[in-house]
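Asks: Chains A and B supply the protein sequences, listed in that same order. Note that the numbering used here has the first sequence beginning at 12, numbered continuously upward. Note that the numbering used here has the second sequence beginning at 8, numbered continuously upward.
Mixed in with the good hints there might be a few duds.
Pulled from the structure, derived: some chain A residues nowhere near chain B, Cβ distances all over 12 Å [said to hold, decoys possible]:
#1 I48
#2 P56
#3 E96
#4 T140
#5 T143
#6 I144
#7 L147
#8 I153
#9 K166
#10 F181
#11 G235
#12 M245
#13 Y257
#14 M276
#15 L302
#16 P303
Heads up, incomplete: computed chain B residues facing chain A, CB under 10 Å, no partners named [as the list claims (entries may be wrong)]:
#17 T85
#18 D90
#19 G451
#20 G453
Stretch-level coverage of chain B by chain A, calculated; a stretch enters the list once three of its residues show a Cβ under 8 Å from a Cβ in chain A [what the hints assert, rightly or not]:
#21 54 to 62
#22 97 to 106
#23 290 to 297
Source of the hints: derived by calculation from the structure; they are not laboratory data. Backbone N, C-alpha and C fix where the C-beta goes; we use that ideal spot for every residue, glycine too.
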Amino acid sequence: MSRRKMEKRIKKIEAEECKYNQIKNSTNVLFNVILAILSLICVIPFIFVIIISLTDEQSLVMNGYRFIPEKFSLYAYEYIISAGESIIRSYGVTILVTVVGTIIGLLLTGTYAYALSRKSYAYRKFFTTVITIPMLFSGGMIANYLIVTKVMMLKDSLWALILPLCLNSFNIIVLRTFFKTSIPDAVVESAKIDGASEWRLFFQIVIPMALPGLATIGLFLTLGYWNDWFNAMMYMDDKNMIPLQYLLIQIESSIDWLANNKAMMGVDGITAAANMPKETIKMAIVVISTLPIIFAYPFFQRYFVNGLTVGAVKE
Amino acid sequence: MRPKAWKRFAAAGLAVIMAAGLITGCGKKKAETNTKGEEVVELVWWQIGDAQKDQDKVLEKVNEYTAEKIGVKLKINTAGWGDYDQKMQVVINTGDRWDLAFTCSWANNYLQNANKGAFLALDDYIKDMDMYKSIDKRFWEAAKVKGKTYGVPSEKEIGSMPMWVFTKEYVDKYNVPVDEIHSLEDLEPWLKLIKENEPDVVPFYLTSGYSAPIYMDLIQNPVGIEYGDETLTVKNVFETDKMKSTLKTMRKYYTEGYINKDAATAQDDKSLKRFVTKGDGQPYAELTWGKDLGYEVVTSPIMDTYVTNLSARGALTAVNAQTEYPEKAVELLNLINTDEYLRNLLNYGIEGVHWDKVEIPADEAAQAEGKPYVYDNKIKLNEATRKDYSVSYWVQGGLFNTYVLENEPVDKWATFKEFNDSSVDAPSFGFDFDLEPVSTEVAGFGNVMDEFGKSLYTGSVDPDEYLPKLQEKLKATGIDKVIEEMQRQIDEWKASK
């Protein structure tokens, strides 16, 4: 066979293979359209929320929700900034809890998972069992409450928002697997031979190598802290220390409840409802509380996919 | 080596926890005394509603006064309307420290908690208290569970008063004889008139919260005892003739186009013009409604106001069964319900900051001369600061020793008193249904009512077709068993009376 013939044949086979790995142009367009619609469905409500928050309250009452409102107004934001002292304070609480919580959470999860990933660690079995149990069984609300308030004495303390969320079995197992697969034993051994202590080994060798995994867990933790309101409901009686999301939930559930129980509450319900924030202010709070996390997301995302898939196989 | 390390670890952990306990636990125990030499104790009070920005400021004033007077300081905790139930369950069940809590028939369930032993039986404490004499006997009667009193009622309207609420504009325009319109059927000619002459107006505006006039004490919705039925026969409300004909009439109004089409799902849209709607009110409710809607309304009662356990338990304050200071807690409630200064301070905030006293016009004062619960002044809320402190009045205590607002009649509370006196006791008033034996059946009613209730009440569906379906589902859920059980309990109750 001549060389030319051979090349031709290879090309043909390659082309054939490519055929199987490609989708038809028409299908491609269809999928793109479908995905575009899906993403629009996700994005439009949020745009809508932003628009409502910028609508004049009066025209909202008269015309209902509209994409292009009759009259724009910045009143809702002005209100939040001027009168809504509690909103600003809650904002501070949320940010503080998220930052501190993520740092502590990463430190604890990282060290715990790293220890479990090392074959030479004697209590590996025991501590793996310890973290697997709460994945399957939970103590329930009352038990949690008793531990946090009676044993740990954390009631009305910001630690009550931070500590219960910082260590999570799922995160530990994901990260442990990540360490196992991405850090070869040989690297650890050679560092040891060069005289690295355990701490040095962890902070200077392991962490830089495991950045994608840590970033993923970091994102999980950040989202978890940012969105958490339940712990605040349980452990925070002091109205000065509630995070933003709980403030929002409170407003929302109060409005719902008053709407549903109007008949029961009669006239009292009207006076109670009159003190509720107006629609535009509610939407403005939603915007303020979600925007930062939306902007933070892209910075994590490049690690995210990588980190999650590598850690996905659990043994 | 290994076990030893373990022990050391555990011991260290324990030490840390104990140290933390010591630090947080010790801070509170400094004994404070007032000028009388009494020790001042702090009481924790849970209230429903939203936290107020100026609460700390107001509490500081309150505490100054109460510490001096009875040696009590207050700490008020709030949980939002929607969260209160859940929060209180946790607080009560975990043995958290609390001394006082808001409770009623529709939030932080009074009956259940009293039965469970979470609330302190107050009978021995309140006997000689001034509030025991001043608050209407029927409130105390309603507060009794198995013969014992577990809460101090807030004195307010004793029953809810179903009424038609007319928009004044059209009443004036067409000369509608509002005072003569009471039953659902009375409305018909006027609905027709409005429908024909005012195309922009919804003649009969209903929202999803609406329930057709019910002539029955719904002890366990939809089972109860009809008003005026002295034989105390337990019935399913949908089997009473009154309800059947009411639903028929509603359907007729709906098909005639008197009712807005989306009635079964609508939320109150204040921009919509309406001629009449139903409200559950109290004396002078039209002032509140009018303010809420932005135009004047006039009202007419649908039926007599009946007093039921549900309505008379509209608001109470209970004391923790485990509290360290039961006497102090009751003393505080007594003070709030009898002391004019303290009550108004708690209610409206600080004078000069949140509100100011205003004079009563001479002719109004003359007219109210000699009536009970009339005070020397009205109050005007400070527009700028009122949003920083606006609590729900009835959560903290009785209304009758609060000042009335500038735009309200000075004899408002006297009228309330008259209204309460004229309310009729439902035959079943005083009876508590123990739903333990039929709790599964009762739990199922909610779903059935959710499915059919709203659409039937608003006339959105044909009762001839859907009422039998509703009955069938209720039967399947076990309504007969509930009726039987309730009848048994009520017979027992009647015999013991």
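Asks: Output the numbers, in ascending order, of every earlier hint that fails for this structure.
Replies: 3, 8, 9, 12, 13, 14, 19 and 20
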